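Chains D and C, in that order, are what the protein sequence lines are.
Counted from 1, the first sequence has number 189 at position 189 by full-length UniProt numbering; the numbering is strictly sequential.
Counted from 1, the second sequence has number 206 at position 206 by full-length UniProt numbering; the numbering is strictly sequential.
Among the clues, some could well be false.
Here's a subset of chain C near chain D, in silico, CB distances under 8 Å, partners left out [stated by the list, open to error]:
(1) P81
(2) T135
(3) Q137
(4) I147
(5) M368
(6) L446
Think of the hints as simulated: they come from the structure by calculation, not from any bench.
The structure displayed is predicted, hence computed values, not measured ones.
Built from N, CA and C at the ideal position, the CB exists for glycine as well.
Protein chains: 2
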Amino acid sequence: MSDRYASFAHTGPGRALVRRLGLPDPPRLRRHRPGDPLIHGPVRLDAAPGGRLVDPVGKILTVAGVEVADRTAAAPPDQGPYGALVYDATGITDSTGLRALFDFFHPLARALRPSGRVIVLGTPPELCASPREATAQRALEGLTRSIGKEFGRGSTAQLVLVAPGAERAVESTLRFLLSGRSAYVSGQVVRITPAEVPEVDWERPLAGRIALVTGAARGIGAKVAEVLADDGAHVVALDVPAAGDALAEVANTVGGTAVQLDLTAPEAAHRLADHLADRHGRVDIVVHNAGITRDRTLGRMTSDWWDAVLEVNLVGQERINDVLLDRDLLPTGGRLVGVSSIAGIAGNRGQTNYATSKAGVIGLVHSMAAPLAARGITVNAVAPGFIETRMTAKMPVMLREAGRRMNSMAQGGLPVDVAQTIAWFASPGSAGVTGNVVRVCGQSLLGA
Amino acid sequence: MSDRYASFAHTGPGRALVRRLGLPDPPRLRRHRPGDPLIHGPVRLDAAPGGRLVDPVGKILTVAGVEVADRTAAAPPDQGPYGALVYDATGITDSTGLRALFDFFHPLARALRPSGRVIVLGTPPELCASPREATAQRALEGLTRSIGKEFGRGSTAQLVLVAPGAERAVESTLRFLLSGRSAYVSGQVVRITPAEVPEVDWERPLAGRIALVTGAARGIGAKVAEVLADDGAHVVALDVPAAGDALAEVANTVGGTAVQLDLTAPEAAHRLADHLADRHGRVDIVVHNAGITRDRTLGRMTSDWWDAVLEVNLVGQERINDVLLDRDLLPTGGRLVGVSSIAGIAGNRGQTNYATSKAGVIGLVHSMAAPLAARGITVNAVAPGFIETRMTAKMPVMLREAGRRMNSMAQGGLPVDVAQTIAWFASPGSAGVTGNVVRVCGQSLLGA
Chain D
1 MSDRYASFAH
11 TGPGRALVRR
21 LGLPDPPRLR
31 RHRPGDPLIH
41 GPVRLDAAPG
51 GRLVDPVGKI
61 LTVAGVEVAD
71 RTAAAPPDQG
81 PYGALVYDAT
91 GITDSTGLRA
101 LFDFFHPLAR
111 ALRPSGRVIV
121 LGTPPELCAS
131 PREATAQRAL
141 EGLTRSIGKE
151 FGRGSTAQLV
161 LVAPGAERAV
171 ESTLRFLLSG
181 RSAYVSGQVV
191 RITPAEVPEV
201 DWERPLAGRI
211 ALVTGAARGI
221 GAKVAEVLAD
231 DGAHVVALDV
241 PAAGDALAEV
251 ANTVGGTAVQ
261 LDLTAPEAAH
271 RLADHLADRH
281 GRVDIVVHNA
291 GITRDRTLGR
301 MTSDWWDAVL
311 EVNLVGQERI
321 NDVLLDRDLL
331 PTGGRLVGVS
341 SIAGIAGNRG
351 QTNYATSKAG
361 VIGLVHSMAA
371 PLAARGITVN
381 AVAPGFIETR
391 MTAKMPVMLR
401 EAGRRMNSMA
411 QGGLPVDVAQ
421 TIAWFASPGS
431 AGVTGNVVRV
441 CGQSLLGA
Chain C
1 MSDRYASFAH
11 TGPGRALVRR
21 LGLPDPPRLR
31 RHRPGDPLIH
41 GPVRLDAAPG
51 GRLVDPVGKI
61 LTVAGVEVAD
71 RTAAAPPDQG
81 PYGALVYDAT
91 GITDSTGLRA
101 LFDFFHPLAR
111 ALRPSGRVIV
121 LGTPPELCAS
131 PREATAQRAL
141 EGLTRSIGKE
151 FGRGSTAQLV
161 LVAPGAERAV
171 ESTLRFLLSG
181 RSAYVSGQVV
191 RITPAEVPEV
201 DWERPLAGRI
211 ALVTGAARGI
221 GAKVAEVLAD
231 DGAHVVALDV
241 PAAGDALAEV
251 ANTVGGTAVQ
261 LDLTAPEAAH
271 RLADHLADRH
281 GRVDIVVHNA
291 GITRDRTLGR
301 MTSDWWDAVL
311 EVNLVGQERI
321 NDVLLDRDLL
331 PTGGRLVGVS
341 SIAGIAGNRG
351 QTNYATSKAG
361 VIGLVHSMAA
371 PLAARGITVN
381 AVAPGFIETR
391 MTAKMPVMLR
401 EAGRRMNSMA
411 QGGLPVDVAQ
421 TIAWFASPGS
431 AGVTGNVVRV
441 CGQSLLGA
């Protein structure tokens, strides 16, 4: 689970060697620790003329205690270094207006701190007033993805598309993307829809919430349980009976409860629902983290392996959702979170079963967003790239090194990076975040 | 422009060495030659129960002279080898039904000829009757992309999403995907919308059509001119005055006309429109192939370089479209085709300007599809990956080899592969093909 190359590259002699030979240079990523400020250094905020987000975003940042250097400052310190560059591009209504992006970013391209943040704010193209505006807004994605690959030193770049009327629903997303919680998230497009956002305690946003985490005994699931508990949730940690000891330890550590249950068993969904109904009367957050692989090329695969992967990774999750919704156990403000995968986006050799199931998770997010919105529930998924776990530690060395280095961070992510992304989806502040599939992949080069 | 590694790997000793060392093994791709049958070998056609496409597709294939081995055959020759496997998955209305995919493809995984074809037919998720159906249909993408990476030997795999009511509009797409014209297209998702499709002469589908090709003096543009002329079009080949000699040669070769015009000049769009109006009274097909790069990281880029790339690759094209549409020079049945890029999808270091412009081309396709559909005009784009041209021949050797090998074909594509994809969009048979961005990249691993 350790990246010995990165550890070496962070030593004095290692750093010298890496530079001399032009080897991958994995930066130390800023990750969130309790008590950390949202971001180090001032945030430079500006807008193309007519932007509708610069004012509400400026207020959000100021209230959050962030030092904002905006265009109205007498002498904006152009040399930085800035913690983040935030640009409201919603005023660009035509491709000729894209020049404003150059004018903002060109002089600031070297004024960003290590692990700095670039956030471009736009309008979802399908909600634009004209084809010309939609074209220009879609072009923003080419810019942010290129900046993510270019700026380096652990910086990230995202495009946040804010629907008209959703201006005030953007706070949880801004906080996540600016903070060290999003260390391994880059090159993503996030969509915000209009929603009533309640008052949020940003220190313990999940206080009083019941969170179910499946596959919680180890790896990413155990870390999800930990992060949600840190954020204040009561965690119901679920795993198969065979993982009982590890599961009990996780539940104890996070002060939650353990449920041993094989979700592929008949009536398992109803037994789970019974447990949640009896103990808590509801479940606010459901994280479908349980997943398995059974890798084999299609010609050599058995039907058992196909069925097992589809059942655990997709079919069983739909069944649980249906039972929880039918029995009204997921209340308004509820959160469904799935775990997809880069293989679900791009496909993978030897993983027809896994990729089909994980593409289905994307389908579930997209197809359930509208019906669940009517009930005040959001649904989103993470799509992890190369994450340092016991599973990836067992990969052949060349594959493992390729996976680790072929991304904008030149390193693998950690389970906590996936867990923090899930915690952002789970936050009551994220009422306007639904229908999103966000990669936690350090902007992996691998894609569709 | 030559791939010496592939040439060597195709020799007897080369093949032995490649296999012994586990080196990339670029297959010889089947490419279309005049007089070729649509596909070699029988096509195996089957459907999940309730599929609405298996019957119309069976009829289309039979009329096209293809030997169809379907489930109704007394003893379908399961051992193949087949030229293509075509599976109608529209009957899958729930993720539990995905098992039908395994049942069809598992016994056939090794029954495909070299350069074989896999086509899965589905329903666009957003048009499905239920979230469960939409989830299952979205899952198909994980399967086809994995098969594209797994089956090898020059085979391709695609997902064709056919809207209800568009069953008969699928023919041009089936013909393209089955034929050697789509040699370097794999892992793609194509959407077909309902449309009136005229009678098509499949030997010379563009007979009588006027096709404008910009940037036609060399490279991909010259090949586009050639392929469209082969398909029967009168080609108006346009390029800057400095490329006059090469342009004249292309125009002569294809029996078309040459137009020397710098499209960035004031009034150039109107001068072009005047020319088309005077000579032809209209233009049926517009291929916006002209494009430039001016690569530099954003901090080192000049505003001139930013502006030049945006102007040529995006802004100027929008201006031309507007003038042609305003002056009613693009009639019903018209075809707009853009050229995007993998950099426009995924972003690229040192190409903020280029990636922004090429992402804008994607935006143009998506935003113009609906308004143009109302006029009976389609708009689509190709997104080339690594194509063997004078431009890629100049790349540093390591970058060039990485670009060539990191795809399901282990080789670069040829300009003709891009040109044939454009010709498919241009066909009168493709009236139901609009709003698509199709990568011509051999299923490059590089993505978003």
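Results for each hint:
1. P81: violated, 13 Å
2. T135: Where the cut-off is 8 Å and the nearest Cβ of chain D is about 4 Å from T135 (chain C), the hint holds.
3. Q137: holds, 7 Å
4. I147: Holds, about 6 Å.
5. M368: Interface hint status for M368 (chain C): holds (5 Å vs cutoff 8 Å).
6. L446: holds, 5 Å
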